[in-house]
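**Q** Residue-level listing of the chains:
Number of protein chains: 2
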Amino acid sequence: MSDKQKQCLERLSTLIGRWKGEGKGTYPTIEPFEYGEESTFERHRNKPVFHFTQKTWNKYSAEYMHWESGFIIVKEDGSIEFSNSQGGGRTEVLLGSLREEKDGGFVMNFQSKVLSNDDKLVKTAREFVIDGDQLTYVVSMSTHTTPELQKHLEATLKKVS
Amino acid sequence: MSDKQKQCLERLSTLIGRWKGEGKGTYPTIEPFEYGEESTFERHRNKPVFHFTQKTWNKYSAEYMHWESGFIIVKEDGSIEFSNSQGGGRTEVLLGSLREEKDGGFVMNFQSKVLSNDDKLVKTAREFVIDGDQLTYVVSMSTHTTPELQKHLEATLKKVS
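So the sequence lines, in the order shown, correspond to chains H and W.
Residue numbers for the first sequence follow this note's numbering, so the first one is -4 and each next one is one higher.
Residue numbers for the second sequence follow this note's numbering, so the first one is -4 and each next one is one higher.
Don't read these hints as lab results, they were simulated from the structure.
Quick caveat: nothing in here was measured; it's all calculated off a predicted structure.
A few of these clues could be false.
A few chain W positions that, by computed beta-carbon distances, are all more than 12 Å from chain H [said to hold, decoys possible]:
no., residue
1, E5
2, G16
3, G20
4, P23
5, K70
6, E95
7, D98
8, Q106
9, E122
10, G127
11, T131
12, V133
13, S137
14, H139
15, L144
16, V155
Computed cross-link-like contacts, SDA-like style, restricted to lysine to any residue with a CA-CA straight-line distance of at most 20 Å [unchecked claim]:
no., chain 1, residue 1, chain 2, residue 2
17, H, K42, W, D113
18, H, K70, W, H61
19, W, K108, W, A120
20, H, K118, W, V109
21, W, K54, W, T151
22, W, K54, H, N41
23, W, K108, H, L110
24, H, K108, W, G84
25, H, K15, W, R40
26, H, K70, H, K108
27, H, K42, W, E33
28, H, K70, W, G84
29, H, K42, W, E29
30, W, K118, H, G84
31, W, K42, H, Q145
32, H, K118, H, S135
33, W, K(-1), W, K70
34, H, K153, H, V134
35, W, K97, W, E122
36, W, K42, H, S56
37, H, K42, W, T151
Where a beta carbon is used, it is the ideal one built from N, C-alpha and C, also for glycine.
Let's have the full structure, built from the sequences with the hints guiding it.
**A** Dropping the structure here:
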């Protein structure tokens, strides 16, 4: 295992556990909405891989909304790959990198490589900022009707266990 | 919701819970291997969707092997779609149907529609046979070097909770 891969794995290990928080969804073609979220990260014992799950619910009605799960894979060169499948049937493969922040936190940036089973989408991107027990993320996407990459989701989560 | 969709959802609801068992892997290009497995199915509260997770480990060394998670979506016409992502980075979208068996069990059959992020694969298929608290499955695949669809995995699981 390379030093870069080891360092990246060590960084991502701070994600292991359960995170809860709130977010909001916006996009040029939809009414804004607010949601609650619970996400989990678990490390594969024998591989440089983390399993990720995400559940969101309407902040006011508590009705469940988006479900997603997938894997973050740390490559030999320290780059990261995030593949997921979603409750609506879409699958995504995103490629990314990890960047250290001066204050001790770190940022993961992903850009879509393959999007399947969702014809409206052209591109997605995700940025996760992790600082101690706080995780904030932004999900952006472009579609055939909104071809510029635009922010779709942003949320702030706290580690709860 | 159509009657077909309702019936299919009712059938699949018997999957909800945790399943454990053993399986074996074979393929023309590999040494046969045996594995332990734990799989879970959970129903989305507000959508005709089930979340699936699967972990396998070497039967003898207990070292973790394959991880996978994804969603089974029951369509209006009673057909089913299975999208998943895997610890190696692959994502799959499979289309299928459910068939009732005379003895009260049922069978789910899936054929791949989209395979991403794994260049060696050409096609995958899965058959799940559910009879009370027993689930058996067969995963088949064809690759560029083995172009005929061949059995790769088969396992028998029992519902444990």
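**Q** Hint by hint, note whether the structure agrees.
**A** Quick rundown of the hints versus the structure:
1. E5: The claim stands: E5 of chain W keeps its Cβ more than 12 Å from every Cβ of chain H (closest is about 19 Å).
2. G16: Non-interface label on G16 of chain W holds, nearest chain H Cβ at 20 Å vs cutoff 12 Å.
3. G20: Fine: 16 Å to the nearest Cβ keeps G20 of chain W off the interface.
4. P23: holds (25 Å)
5. K70: Non-interface label on K70 of chain W violated, nearest chain H Cβ at 10 Å vs cutoff 12 Å.
6. E95: Its Cβ never comes within 12 Å of chain H, the nearest being 24 Å, so this holds.
7. D98: holds (31 Å)
8. Q106: holds (14 Å)
9. E122: Non-interface label stands for E122 of chain W: nearest chain H Cβ at 20 Å, farther than 12 Å.
10. G127: holds (28 Å)
11. T131: holds (23 Å)
12. V133: The assertion about V133 of chain W holds, with a minimum of 21 Å to chain H.
13. S137: The assertion about S137 of chain W holds, with a minimum of 19 Å to chain H.
14. H139: holds (18 Å)
15. L144: Answer for L144 of chain W: holds, closest chain H Cβ roughly 21 Å.
16. V155: It holds; V155 of chain W is separated from chain H by about 20 Å at its closest Cβ, greater than 12 Å.
17. H:K42 - W:D113: With Cα atoms ~18 Å apart, K42 of chain H and D113 of chain W stay inside 20 Å; holds.
18. H:K70 - W:H61: With a Cα-Cα distance of about 17 Å, the restraint between K70 of chain H and H61 of chain W holds, given a limit of 20 Å.
19. W:K108 - W:A120: Status holds; Cα separation ~10 Å.
20. H:K118 - W:V109: holds (18 Å)
21. W:K54 - W:T151: holds (14 Å)
22. W:K54 - H:N41: holds (15 Å)
23. W:K108 - H:L110: Given pair K108 of chain W, L110 of chain H holds - Cα atoms ~13 Å apart, limit 20 Å.
24. H:K108 - W:G84: Holds. K108 of chain H to G84 of chain W sits at ~12 Å (cutoff 20 Å).
25. H:K15 - W:R40: Satisfied, since the Cα-Cα distance of roughly 19 Å is no more than 20 Å.
26. H:K70 - H:K108: holds (15 Å)
27. H:K42 - W:E33: holds (18 Å)
28. H:K70 - W:G84: The given pair, whose Cα atoms are some 11 Å apart, holds under the 20 Å limit.
29. H:K42 - W:E29: holds (19 Å)
30. W:K118 - H:G84: holds (18 Å)
31. W:K42 - H:Q145: Status violated; Cα separation ~27 Å.
32. H:K118 - H:S135: holds (8 Å)
33. W:K(-1) - W:K70: Given that 20 Å is the threshold and the Cα spacing comes to 9 Å, the pair holds.
34. H:K153 - H:V134: Satisfied, since the Cα-Cα distance of roughly 18 Å is no more than 20 Å.
35. W:K97 - W:E122: Roughly 17 Å separates the two Cα atoms, so the pair holds.
36. W:K42 - H:S56: Cα-Cα ~15 Å, so holds.
37. H:K42 - W:T151: violated (25 Å)
When held up to the earlier numbered hints, the structure conflicts with 5, 31 and 37 and fits the remainder.
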